[in-house]
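Participant: With these hints in hand, go ahead and build the complete structure from the sequences.
Quick note: the sequence shown uses the numbering used here, first residue 1, plus one each step.
Incorrect hints may have been included.
Unchecked claim - With a Cα cut of at most 20 Å, we get these calculated DMTMM-like pairs of lysine to aspartate or glutamate:
| hint | residue 1 | residue 2 |
| --- | --- | --- |
| 1 | Lys37 | Asp111 |
| 2 | Lys425 | Asp466 |
| 3 | Lys343 | Glu6 |
| 4 | Lys271 | Glu330 |
| 5 | Lys95 | Glu381 |
| 6 | Lys318 | Asp186 |
| 7 | Lys271 | Glu100 |
| 8 | Lys62 | Glu6 |
| 9 | Lys217 | Glu381 |
| 10 | Lys315 | Asp186 |
| 11 | Lys328 | Asp466 |
| 12 | Lys462 | Glu6 |
| 13 | Lys343 | Asp322 |
| 14 | Lys462 | Glu100 |
| 15 | Lys62 | Glu330 |
For the record, the hints were derived by calculation from the structure and aren't laboratory data.
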Amino acid sequence: MTWTMETNPLNNIGLSALVAAIPIFYLFWALAYKRMKGHWSAISAVAIAVGIAILVYGMPIKLALLSTFDGMMFGLWPVAWIVVTAVYIYNLSVKTGQFEVIKNSLASISDDRRLQALLIAFSFGSFLEGAAGFGTPVAISAAMLVGLGFNPLYAAGICLLANTAPVAFGAIGIPIVVAGQVSGIDTMAISQMVGRTLPFLSVIIPLYLVILMSGWKSGMEVWPAALICGGSFALAQWWSSNYLGPLLPDILASIASIVSLVIFLRFWSPKTTWRFPEEAASLGKEKLRYTGGQVFRAWAPFIILSVFVAAWGIKPIKDALDYFTLVKFEISGLHNLVIRAGKPMAAVYNFNILSAAGTAILLAGLFSIPVMGASLSVAGEVGVQTLKTLRWPVITISTILGFAYIMNFSGMAITLGNAFASTGKWFPLFSPFLGWMGVFMTGSDTSTNALFGKLQEVTATKIGVDPVITVSANTCGGV
Numbered sequence: 001m002t003w004t005m006e007t008n009p010l011n012n013i014g015l016s017a018l019v020a021a022i023p024i025f026y027l028f029w030a031l032a033y034k035r036m037k038g039h040w041s042a043i044s045a046v047a048i049a050v051g052i053a054i055l056v057y058g059m060p061i062k063l064a065l066l067s068t069f070d071g072m073m074f075g076l077w078p079v080a081w082i083v084v085t086a087v088y089i090y091n092l093s094v095k096t097g098q099f100e101v102i103k104n105s106l107a108s109i110s111d112d113r114r115l116q117a118l119l120i121a122f123s124f125g126s127f128l129e130g131a132a133g134f135g136t137p138v139a140i141s142a143a144m145l146v147g148l149g150f151n152p153l154y155a156a157g158i159c160l161l162a163n164t165a166p167v168a169f170g171a172i173g174i175p176i177v178v179a180g181q182v183s184g185i186d187t188m189a190i191s192q193m194v195g196r197t198l199p200f201l202s203v204i205i206p207l208y209l210v211i212l213m214s215g216w217k218s219g220m221e222v223w224p225a226a227l228i229c230g231g232s233f234a235l236a237q238w239w240s241s242n243y244l245g246p247l248l249p250d251i252l253a254s255i256a257s258i259v260s261l262v263i264f265l266r267f268w269s270p271k272t273t274w275r276f277p278e279e280a281a282s283l284g285k286e287k288l289r290y291t292g293g294q295v296f297r298a299w300a301p302f303i304i305l306s307v308f309v310a311a312w313g314i315k316p317i318k319d320a321l322d323y324f325t326l327v328k329f330e331i332s333g334l335h336n337l338v339i340r341a342g343k344p345m346a347a348v349y350n351f352n353i354l355s356a357a358g359t360a361i362l363l364a365g366l367f368s369i370p371v372m373g374a375s376l377s378v379a380g381e382v383g384v385q386t387l388k389t390l391r392w393p394v395i396t397i398s399t400i401l402g403f404a405y406i407m408n409f410s411g412m413a414i415t416l417g418n419a420f421a422s423t424g425k426w427f428p429l430f431s432p433f434l435g436w437m438g439v440f441m442t443g444s445d446t447s448t449n450a451l452f453g454k455l456q457e458v459t460a461t462k463i464g465v466d467p468v469i470t471v472s473a474n475t476c477g478g479v
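Facilitator: Okay, structure coming up:
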């Protein structure tokens with residue numbers, strides 16, 4: 001039996017929108033004010049959303065539960081699968097000591113604090129955002145700066161500021177993948193639009209970072225290095241997001257930035273070596289020297305990862321993998337049973353075990369095991385530890401996607417979109433603010449895309465604006 005979606009259940013769009021927003025307000029309150037754990041906040045928000053869908057919107061209990069289940073399944077596969085496999089490669093690199101080679105080789109390039117901030121906070125932090133995401137970049141890059149002699153609070157602030165340009169493509173493109181799935185817009189289209197917006201910010205951030213850190217005069221002394229750092233990052237970010245897709249921009253852009261800056265610093269150096277005023281001139285860690293082979297070996301797993309993910313993005317390869325292993329099944333009891341604007345809503349789950357990006361990352365990790373010098377027992381131990389560490393984040397991701405799906409299938413997201421449509425042609429100006437607000441409250445660009453992706457699409461369509469613009473603005477606003 002079908003159910004027709006009701007988008008104005010209280011016969012007053014303002015009041016209906018207020019009720020539809022209750023689960024979102026609750027989620028913000030739970031995370032920002034009560035400081036509840038992410039998974040408990042998400043689970044309780046889903047319960048509230050399901051309750052409103054049933055009691056206010058008249059959605060049958062079975063449809064409400066199945067739509068939530070559909071979203072949670074998407075959260076597990078392919079989203080959480082990408083996160084788990086990416087973090088596994090990172091953890092294996094740490095366990096085998098190769099990550100220390102990466103860190104120390106970067107830290108030994110220059111004694112100048114401004115250049116260290118560019119290399120570690122911006123370029124290397126962006127690499128970590130692309131490879132692992134979810135708080136890893138700031139924690140690790142800040143710890144590296146502290147180890148070099150930076151004040152801990154200062155180091156954290158610098159790394160937080162630097163971790164803006166890469167966020168939209170973090171954790172192998174998870175925010176874009178989620179935005180596409182929730183909004184129904186092709187992920188490549190979102191990737192391209194975001195990739196044409198963020199590079200302008202990417203060029204500016206490095207110079208802004210060193211000026212804020214050392215003052216206008218000292219900051220401008222290293223403007224050539226800042227331009228090389230940000231310019232190479234922006235160029236690679238634009239190219240990869242527009243021609244390869246949303247999975248690799250952070251990885252490729254950060255590698256391009258690091259390589260370009262390292263080469264540039266072989267031929268150029270600032271007139272003075274800048275340190276913090278309270279620092280002794282002799283303060284500094286003894287530099288560790290590595291051969292080119294050691295450095296290449298340390299970076300090799302992430303180069304292999306880039307090759308695999310890029311190959312998986314090639315349509316003939318993806319189609320060939322899907323031909324043998326893609327399994328599609330309709331969510332029984334939900335598929336085509338929710339009627340929206342006279343059209344049934346499909347609920348088809350795709351289990352693409354071979355062509356999934358997470359599988360490409362896992363294969364890259366398996367190929368990297370001998371490169372990193374890890375035994376099979378160590379690799380297995382790291383795998384178990386990774387799953388144990390990520391169990392709660394995975395539950396949170398899955399539940400947030402379940403939340404997004406119940407909002408979409410019940411009509412609550414449509415209600416909010418219709419309410420925002422009253423702002424008319426001004427809405428695109430508010431789109432980035434919604435993304436920013438979502439990240440401010442949840443701490444995640446992925447979460448804000450899950451929460452507001454459909455709202456942005458519905459509102460844009462209602463007012464006659466290309467929804468790719470507003471959904472991309474939601475993502476960019478979150479950085």
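Participant: Taking 20 Å as the top limit, are the C-alpha atoms of Lys343 and Asp322 close enough?
Facilitator: violated (28 Å)
Participant: Would the pair Lys343 and Glu6 pass a check requiring their Cα atoms to be no farther apart than 20 Å?
Facilitator: Within the cut-off at roughly 13 Å; holds.
Participant: Does the alpha-carbon distance linking Lys271 and Glu330 stay inside the 20 Å limit?
Facilitator: violated (65 Å)
Participant: Given the hint that Lys37 pairs with Asp111, does the C-alpha gap stay at or below 20 Å?
Facilitator: Answer violated: Lys37 to Asp111 is near 40 Å, above 20 Å.
Participant: Hey, Lys62 versus Glu6, does the alpha-carbon distance stay inside 20 Å?
Facilitator: Judged against 20 Å, a Cα distance of about 17 Å means the pair holds.
Participant: Given the hinted pair Lys315 and Asp186, is their alpha-carbon gap at most 20 Å?
Facilitator: holds (15 Å)
Participant: Taking 20 Å as the top limit, are the C-alpha atoms of Lys462 and Glu100 close enough?
Facilitator: violated (52 Å)
Participant: For the pair supplied as a hint, Lys425 and Asp466, confirm whether the alpha-carbon distance does not exceed 20 Å.
Facilitator: Holds, at about 11 Å.
Participant: Are the Cα positions of Lys318 and Asp186 separated by 20 Å at most?
Facilitator: holds (16 Å)
Participant: Is Lys328 close enough to Asp466, meaning Cα to Cα at most 20 Å?
Facilitator: Not satisfied, since the Cα-Cα distance of roughly 30 Å exceeds 20 Å.
Participant: Is the hinted pair Lys95 and Glu381 satisfied, with a Cα-Cα distance of at most 20 Å?
Facilitator: Judged against 20 Å, a Cα distance of about 10 Å means the pair holds.
Participant: Given the hinted pair Lys217 and Glu381, is their Cα-Cα distance within 20 Å?
Facilitator: Between Lys217 and Glu381 the Cα gap is close to 50 Å, so the pair fails against 20 Å, i.e. violated.
Hint check: violations occur at hints 1, 4, 7, 9, 11, 13, 14; the rest are consistent with the structure.
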